[in-house]
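Q: For reference, the chains in residue letters:
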Amino acid sequence: MQEMSDRLLNNKAAASIAWAVLLLPPSTAIFVILSKFSVLHPIQTISECFSMLTSATAIFSFILLCGVIIMVGFLNFEYYTVIPTIACSKIALFGQLLHPRQLVNSLVHCIMGMIVAWCSAVTIGFRYETLGHPCAQTDGYHQMCLNEYHLILLLGGAFVGFSHSLLGVIHNMNYVSFHTVQQYKYLRFKGCLPLVVKCSATQALYSVRNFIVVYYFLGYIPRTWICKTLNLHLGSSAHPLDSIAGLLDLSLLYHLWISATFLLFTWYITLLLFRIFLTEHIHFRLNPTDHQILVLSFPKFQFLALQDLALLSQHSPLRRCEVFSLSQPGGHPHNWNAISKECLSLLADLTQRLVAYHDTVATNGRAKSLSSGSERKTSSETSGTLISQKWLSIPLTAPFTPDLDSPFMSPALRRLAAPVEQGSPWYGTVQSPHIMRRVKNFLAKRVLIVYLFNKLPEASSQALFADSQAHIWALEGLSYLVQASFSEDQFGVVQTTLPSILSCMLVLQEAVDRHFKLPHASSKPVRSTSSMGDSTYKTLRFALRATLKTAIYRITTTFGDHLNAVQLSAEHRKRLQQFLEYKE
Amino acid sequence: KEMYQSLDFSPPSLSFPRESLKLHSRTENSSKAAFLDHSETLWMRSAAAWRDGGLTGLLNEITNSHPEVPKWLSMSSGCILALLQWVSSFHGSLFPHLTLSSEDMIAEFSQVLNWSDCVVRAFAWHPHTDKFAVALLDDSIKIYNPKSATTPTLKHRLQRNVAVVQWKPLCASALAVGCQNCLLVWHVDPCSLSTRPSAGCAHVLSHPGHAPVTSIAWSPSGSLLVSASPMDTAMMVWDVAAESCVPLQRVGGGGVTFLSWSPDGSHVLASTPSALFRVWETRMWTCERWPCIKGRCQSGCWSPDGSRLLFTVQDEAVIYSLTFTNTPGPHAAVVVADLSETTFSTPDGDIIVGGEIQSLAWDPRGERLAVLLKGDPRAADRSPIIAVFKTRVSPIFELLPCGFVQGEPGAEPRLMQFHPNFRHGALLTVCWSSGRITHVPFYFLSASIPRLGLSGSPTLPHVQERPADFANQSLFTEFIS
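Chains H and E supply the protein sequences, listed in that same order. To convert, note that position 533 of the first sequence is 542 in the working numbering; the numbers rise steadily by one, no gaps. To convert, note that position 464 of the second sequence is 494 in the working numbering; the numbers rise steadily by one, no gaps.
You may find that some hints are simply not true.
With a Cα cut of at most 30 Å, we get these calculated BS3-like pairs of lysine-lysine [as the list claims (entries may be wrong)]:
hint, chain 1, residue 1, chain 2, residue 2
1, H, Lys45, H, Lys199
2, H, Lys526, H, Lys592
3, E, Lys420, E, Lys404
4, E, Lys52, E, Lys324
5, H, Lys526, E, Lys324
6, H, Lys99, H, Lys45
7, E, Lys420, E, Lys324
8, E, Lys177, H, Lys526
9, E, Lys404, E, Lys172
10, E, Lys52, E, Lys177
11, H, Lys533, H, Lys309
12, H, Lys21, H, Lys199
13, E, Lys172, E, Lys52
14, H, Lys583, E, Lys177
15, H, Lys526, E, Lys172
16, E, Lys177, H, Lys592
17, E, Lys172, H, Lys592
18, H, Lys99, H, Lys207
19, H, Lys533, E, Lys420
20, H, Lys21, H, Lys309
21, H, Lys592, E, Lys324
22, H, Lys592, H, Lys99
23, E, Lys101, E, Lys177
24, H, Lys583, H, Lys350
25, H, Lys533, E, Lys324
26, H, Lys464, H, Lys99
27, H, Lys533, H, Lys592
Listed below are several chain H residues computed to face chain E (Cβ distance under 7 Å; list not exhaustive) [what the hints assert, rightly or not]:
hint, residue
28, Asp15
29, Tyr193
30, His343
31, Asn346
32, Ala555
33, Tyr591
Bear in mind the hints are in silico, worked out from the structure with no lab data behind them. Quick caveat: nothing in here was measured; it's all calculated off a predicted structure. Using N, Cα and C, we set each Cβ at its ideal position, and we do this for glycine too.
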C-alpha cells in the first residue's frame with residue numbers, strides 16, 4: 010500500500026514537473042522579448058530576439074534552466090506538506106529558518122537563483138554578457154577588468170533565490186491546500202495565471218529593492234573578493250555600482266527587475282502546477298482493504314482518500330450504493346463499518362485534542378495564580394519554566410510548539426525550557442515566589458526576549474486546527490452518506506451507527522463552541538491576497554465550525570422527528586432538539 | 031380566508047409606509063460640502079485622491095491643481111486621463127451597461143420591479159423555518175420570526191443599496207446580503223434577544239472589481255455561495271467560512287447579472303447583460319453557453335428536481351424551457367408559454383394582461399408558477415400583475431393558466447417569493463409598491479385539483495390558451511467548457 014501511494018504521488022509530481030518544463034520555452038521567449046525590447050527599433054528587436062533564441066549559448070542556457078526547473082520541482086515535492094507547521098512564537102520561526110534542512114533549501118535556492126541569473130545575463134547580452142572584459146590601462150597594455158554589471162545580476166539572482174526560500178518559510182509556501190471548488194486542471198491553471206504574474210512581478214520588485222539596499226552597503230565585499238580570486242582589475246571608467254549614481258541607472262534596474270520576475274515566475278509556475286496536480290481528485294476503489302489507506306499514518310495520502318470520500322458521498326449514487334452494500338458471503342457491511350469507524354476516530358481525536366487544550370489553558374491560569382506550594386511542586390513538571398508568564402504556556406501546548414530537542418536550540422535555551430528537576434540547584438530558587446517574580450520582571454524588561462518569546466496571538470489556535478481539512482471531509486462524507494441513507498440504504502446499515510455518529514458530532518460541537526470562547530480564537534486573521542503562500546490554514550477553524558453545524562443540520566433536516574427514536578443521552582437529546590428547532 | 035386563519039401557521043402581514051422610514055437625504059460624497067474648505071498640501075491631497083478615487087482620482091487631482099505642480103506634469107496627467115476616458119467610453123460602447131451608476135445598474139438588473147423606487151428592496155424566507163428577512167429602502171434589514179417577539183434590525187456601514195438577500199441553507203443564522211460595494215454575511219443568533227446585532231456579526235466579503243453585487247445564490251448544501259456583478263466578467267464562488275473565493279472567468283457577456291442555483295445543487299444559471307447566458311454544472315464547474323436571439327436572460331427558475339429550467343428573455347413575452355438530462359447532445363430551448371397581451375372581460379370591465387416578464391417564481395413542489403408581468407407604465411389600465419400557472423413536472427411537463435394576483439387599488443406587485451416549506455400547498459409572498467407585504471396561499475393536495483384562495487383577484491372566467499406562434503423559434507446551444 011505504501012509503495013502504491015508513493016508511486017502515485019511520484020507520478021503526479023513528475024507530471025507537474027514535465028508540464029513546468031514544457032511551459033519554459035514560451036515564458037523564456039516572452040522574457041527575451043521583454044528584456045531586449047526597444048521602442049525605437051521594434052523590427053531590429055524582433056530579428057535580434059530570433060537570432061538570440063537560435064544561438065548555441067541560448068540552447069545551453071535553456072538546458073540549464075530546465076535543470077533548475079526540475080530541481081525546483083524536486084524541492085517542492087520534497088518539502089511540501091498538507092499540514093502546515095505553524096510557529097507559535099518568533100523564536101520558533103527563527104528555529105524553522107535556521108533548521109539544517111531549511112538551510113540546505115536556502116543554499117540550493119541561492120545557487121539556482123544565480124544560475125538563472127547567469128542565463129538571463131547571457132540572454133540579455135549587451136553589457137551583461139561576461140564577468141570579465143578587456144580594458145586599456147593608462148600605461149597602454151591590455152588586461153582583464155571586472156564587469157560589475159554581470160556581477161550585480163548574478164548576485165541579484167542569488168539574493169532573490171535566497172529571499173524566495175526565506176519567504177517560503179514565513180508564508181508557509183510549502184503548504185498545499187485543497188480547494189472546495191473542483192475544477193479541471195487546465196481551467197484552474199488558467200484561472201491562477203494572472204495571479205502568478207502579479208505575484209512574481211510585485212515580489213520581484215520588493216526583492217530587487219532590498220537587494221539594492223544591501224548591495225549599496227555591502228556590495229564592495231563580493232566585488233573585491235571576486236577581483237582577488239580571479240585576478241581581475243576594477244574598471245576605472247564608469248561609476249562603481251555601489252554608489253548612488255551607479256545604481257540610478259534605469260536600464261540596469263529594469264533588467265534586474267525583469268530577470269527577477271522571470272526567475273520567480275518560472276518557479277511559481279512550477280509550484281502552482283505541483284499544487285494543481287497534487288490536489289487533483291483521485292478515485293479510490295472501494296473495498297475494505299483499500300480503506301486501510303485511511304488508517305495509514307501518511308497524511309498526504311489520507312487527505313486524498315478523504316477528499317474522495319467527501320466527493321463520492323455527495324455526487325455519485327453508484328459508489329454510495331457500494332458503501333451501503335453487504336459483503337457477499339457473511340452479509341457484513343464492511344465498507345460502511347470501515348468508513349464510519351475511521352471518520353469517527355478522526356473526529357474523536359480532534360475532540361480529545363480540543364478538550365485537552367482547553368483544560369491546559371484553564372488549569373494553567375489557575376495554577377499560576379491560586380496554587381499553594383504543594384500544588385506547585387506537581388505543576389512544576391509541566392510549567393516550571395523561568396522566563397515569563399507567556400513562555401510558561403509553551404511547554405503545555407507541547408505538540409503545537411517548536412521541537413525543543415531539535416539541534417538548533419542552544420543548550421542554554423533548552424535548559425530554560427526544560428522542566429526543572431527536583432534535585433537540581435535551580436529547584437530551591439524556583440520555590441521562592443519572590444525571586445521568581447524578580448527574575449520574571451528582569452527578563453520581561455528585555456524587549457528582545459519578550460519579542461522573541463511572546464506567543465503570537467491565535468497561532469496556537471491555528472496550530473490546533475492545522476490538519477482540520479481532514480476533519481472537514483470526514484464530517485462532509487459522513488453527513489452526506491447519512492443523508493443519502495434515508496432513501497438509499499436498503500439494509501439499514503447506517504442506522505446501527507447513527508447514535509454514535511450523532512453523539513460524536515454533538516460532543517465535537519460542544520468542544521468547538523468552547524474553544525471559540527477563548528480569547529483570540531474567534532478573531533479573524535488578516536488575509537494577504539498578493540502572495541503565493543496559501544493562507545487557507547488560518548481560517549480552517551472557521552471552516553470546520555461551519556461544516557460541523559451544517560453536517561448536523563443535514564442529518565436533522567433529513568431525518569426530522571425520526572431522530573427521536575435514536576438512542577441518545579439526555580444531554581445530547583437536548584442539544585439535538587436545539588438543532589431540530591433551528592436554534593443553533 | 032377562514033381556513034387560512036384556522037391553520038397553525040399564520041405569517042405576519044407587514045406594512046412599511048414610506049413616511050416611516052428615515053431616508054438618506056444625501057449621498058456619502060456630498061457631505062464634503064458641509065465642512066469648511068481646508069487647504070492641505072499637494073501630497074496630502076494626492077494621497078487622499080489615490081485612496082478615494084484610485085488612479086483616475088489621482089490624475090484628476092494633479093490636473094486640477096496646476097499652479098502647484100509643474101506644467102508638464104499636469105499636462106501629461108490630463109492627457110492620460112483623456113486617454114483613459116476614451117478607452118473606457120470605447121469599452122462602454124461595447125457593453126452599454128458599464129456606463130450606468132451602481133444604483134442604476136442594480137435597478138436595471140434586479141428581479142424587483144422598479145427597484146430604486148421600492149420600499150421593500152429585497153425579501154427572503156428562511157429555507158427551513160418560518161422567519162424571513164426584509165431589506166428596506168433605508169438600507170436596514172429586519173428579521174421577522176412569528177415565534178419570537180424580537181425583530182432584529184441589521185445595519186452596517188457598508189450595507190448600502192441592498193440588491194438581494196438570501197439565507198444560508200442548513201444553518202439557522204447566516205444571511206447573505208448583496209449590496210452596492212460588497213457582500214455581507216450576517217450571523218443572527220436565533221436565540222439572542224438583541225434587536226440591533228453589532229456590525230461584528232457581519233463578515234464582509236469583497237473582491238476588487240466585484241461590485242455592485244446584483245445577485246447571489248447559496249448552494250442547497252450550504253457549503254458555497256456564488257455572487258455576481260454586472261461590472262465583473264467573473265462569477266465568484268465563495269467559501270464563506272474561509273473567506274476565500276474562486277473567480278470563474280469566461281470571455282463574453284460583459285458581466286453576470288442573475289444567478290439561480292438548481293434545488294438539487296447540480297446546476298447554476300448565470301445570465302449576462304448581453305444576449306447570452308450560461309448554465310454551470312457544479313461538480314467540475316464547466317459551463318454551457320446559451321446565446322439568445324433577442325435580449326438578455328431576465329429571470330429564471332428551476333424545477334424541484336433540477337431537471338428543467340424555465341427562463342424569460344428581455345423584450346419577449348414568452349417563457350422558455352430547457353431540460354437537463356444525462357443524455358448528451360445538442361438540445362434546444364422550447365417555448366412553453368406565450369404571455370402576449372390578452373383582454374379578459376371581468377365583472378368590473380375588461381382588463382388587458384400580458385407583455386414583458388419581470389421575474390419568475392416556482393413553488394418548491396413544482397405545482398405553481400408565479401409570473402410577475404411588467405405591465406406598461408404609460409398606460410393606466412395596464413399595471414403590473416402576477417399571473418399564476420398550475421404546473422406539473424412529471425411524467426410530462428404541463429403548464430395551465432390558473433389566475434391572477436392583484437393588490438389593493440393603486441398597489442403594484444414589486445417582488446414575490448414562494449415559502450420554501452408550506453405544508454398545505456404553496457404560499458406566495460408578495461411585496462407591494464405601497465410597502466405592504468402580503469401572503470397569498472394556494473391550498474391543494476399534491477397533483478389534485480386546487481382550491482384557490484386568491485385574495486381580491488379576479489377569477490379567470492375562461493382559460494384561454496393560444497397556440498404558440500413561437501413554436502418554430504428555438505435556441506441552440508454550443509458546448510464550450
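Q: Confirm or reject each hint.
A: So, going through the hints one by one against the coordinates:
no.: 1; hint: Lys45(H) x Lys199(H); verdict: 27 Å, holds
no.: 2; hint: Lys526(H) x Lys592(H); verdict: 19 Å, holds
no.: 3; hint: Lys420(E) x Lys404(E); verdict: 20 Å, holds
no.: 4; hint: Lys52(E) x Lys324(E); verdict: 41 Å, violated
no.: 5; hint: Lys526(H) x Lys324(E); verdict: 56 Å, violated
no.: 6; hint: Lys99(H) x Lys45(H); verdict: 44 Å, violated
no.: 7; hint: Lys420(E) x Lys324(E); verdict: 27 Å, holds
no.: 8; hint: Lys177(E) x Lys526(H); verdict: 28 Å, holds
no.: 9; hint: Lys404(E) x Lys172(E); verdict: 27 Å, holds
no.: 10; hint: Lys52(E) x Lys177(E); verdict: 28 Å, holds
no.: 11; hint: Lys533(H) x Lys309(H); verdict: 27 Å, holds
no.: 12; hint: Lys21(H) x Lys199(H); verdict: 19 Å, holds
no.: 13; hint: Lys172(E) x Lys52(E); verdict: 14 Å, holds
no.: 14; hint: Lys583(H) x Lys177(E); verdict: 19 Å, holds
no.: 15; hint: Lys526(H) x Lys172(E); verdict: 28 Å, holds
no.: 16; hint: Lys177(E) x Lys592(H); verdict: 11 Å, holds
no.: 17; hint: Lys172(E) x Lys592(H); verdict: 18 Å, holds
no.: 18; hint: Lys99(H) x Lys207(H); verdict: 29 Å, holds
no.: 19; hint: Lys533(H) x Lys420(E); verdict: 48 Å, violated
no.: 20; hint: Lys21(H) x Lys309(H); verdict: 13 Å, holds
no.: 21; hint: Lys592(H) x Lys324(E); verdict: 47 Å, violated
no.: 22; hint: Lys592(H) x Lys99(H); verdict: 42 Å, violated
no.: 23; hint: Lys101(E) x Lys177(E); verdict: 69 Å, violated
no.: 24; hint: Lys583(H) x Lys350(H); verdict: 25 Å, holds
no.: 25; hint: Lys533(H) x Lys324(E); verdict: 47 Å, violated
no.: 26; hint: Lys464(H) x Lys99(H); verdict: 8 Å, holds
no.: 27; hint: Lys533(H) x Lys592(H); verdict: 24 Å, holds
no.: 28; hint: Asp15; verdict: 27 Å, violated
no.: 29; hint: Tyr193; verdict: 6 Å, holds
no.: 30; hint: His343; verdict: 28 Å, violated
no.: 31; hint: Asn346; verdict: 25 Å, violated
no.: 32; hint: Ala555; verdict: 4 Å, holds
no.: 33; hint: Tyr591; verdict: 4 Å, holds
Of the numbered hints listed earlier, those contradicted by the structure are 4, 5, 6, 19, 21, 22, 23, 25, 28, 30, 31.
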